[in-house]
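Novice: One-letter residues, chain by chain:
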Amino acid sequence: MTALIERKHNRLSLVLAAAALGMLLPAAQASAQVASPVLASARASGQVGEQTDGYLGFPSVPSAEVRRAADELNIKRRAFYAERAAAQHSTVEDYAFTMGCQLIAKTKPGEKYQAPDGSWRTRGAEAPLRNNLCPAT
Amino acid sequence: MMHRELTNRALAAKVLPMQGMRSGKRWLLPMLVGGAIALSGCVSVNAPDKPIVIELNINIKQEVVYRLAADANKSIEERPDLFGE
Chain Y
1 MTALIERKHN RLSLVLAAAA LGMLLPAAQA SAQVASPVLA SARASGQVGE QTDGYLGFPS
61 VPSAEVRRAA DELNIKRRAF YAERAAAQHS TVEDYAFTMG CQLIAKTKPG EKYQAPDGSW
121 RTRGAEAPLR NNLCPAT
Chain H
1 MMHRELTNRA LAAKVLPMQG MRSGKRWLLP MLVGGAIALS GCVSVNAPDK PIVIELNINI
61 KQEVVYRLAA DANKSIEERP DLFGE
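Sequence lines, in order, name chains Y and H. For the first sequence, the working numbering puts the final residue at 137, and the numbers step up evenly by one. For the second sequence, the working numbering puts the final residue at 85, and the numbers step up evenly by one.
With a Cα cut of at most 27 Å, we get these calculated DSS-like pairs of lysine-lysine:
| hint | chain 1 | residue 1 | chain 2 | residue 2 |
| --- | --- | --- | --- | --- |
| 1 | H | 74 | Y | 108 |
| 2 | H | 74 | Y | 76 |
| 3 | Y | 106 | Y | 76 |
| 4 | Y | 76 | Y | 108 |
| 5 | Y | 106 | H | 74 |
FYI, nobody ran anything at the bench for these hints, they're computed from the structure.
All chains should be modelled from the sequences, with the hints used to inform the complete structure.
Specialist: Below you can see the structure in the form of structure tokens.
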């Protein structure tokens, strides 16, 4: 559990650093119209999964390409969450957490998602394990 | 006659150890209760050897999440570039 939190923190600092870099290079933030094919296949193969905090995570060590694509998407997600949170008079963390609830609920069988205890699960036909605070879908 | 007396005594001697066992069980229960109390006392006094993990999500109020849920669902629909396959 502690190792997991440390890893999460490391990833967060990585994302924040990447976010800072992204602000310096606005061209890098040009929004694509569809999700990247790299992430689509990584999601299907379980290399990335939905975390409880509303961001993509890595159930196993990802390839450099997948990691880059996921980090890039997480930066875009964070910017979007900040925008929506402001509109809803909420915090980025609360909005992102709510998104995590709904995104996990929408995962398809075979895809990976993070359970409330932090462990990675493979979505089956049954409803995914979600935090007790999550709303009904 | 002698033979009969011996048999009676044998029977009487059989009853006595059973009574003895019953008095032994009377000792056993307080000992177990006392042991359990002593043991639970020890557990509560000992400091945990692992760090205490705090669930951060507790800070998020359920009503906030419920209020945001509709907007979150709309976001997923409207931004397939961020939340699509």
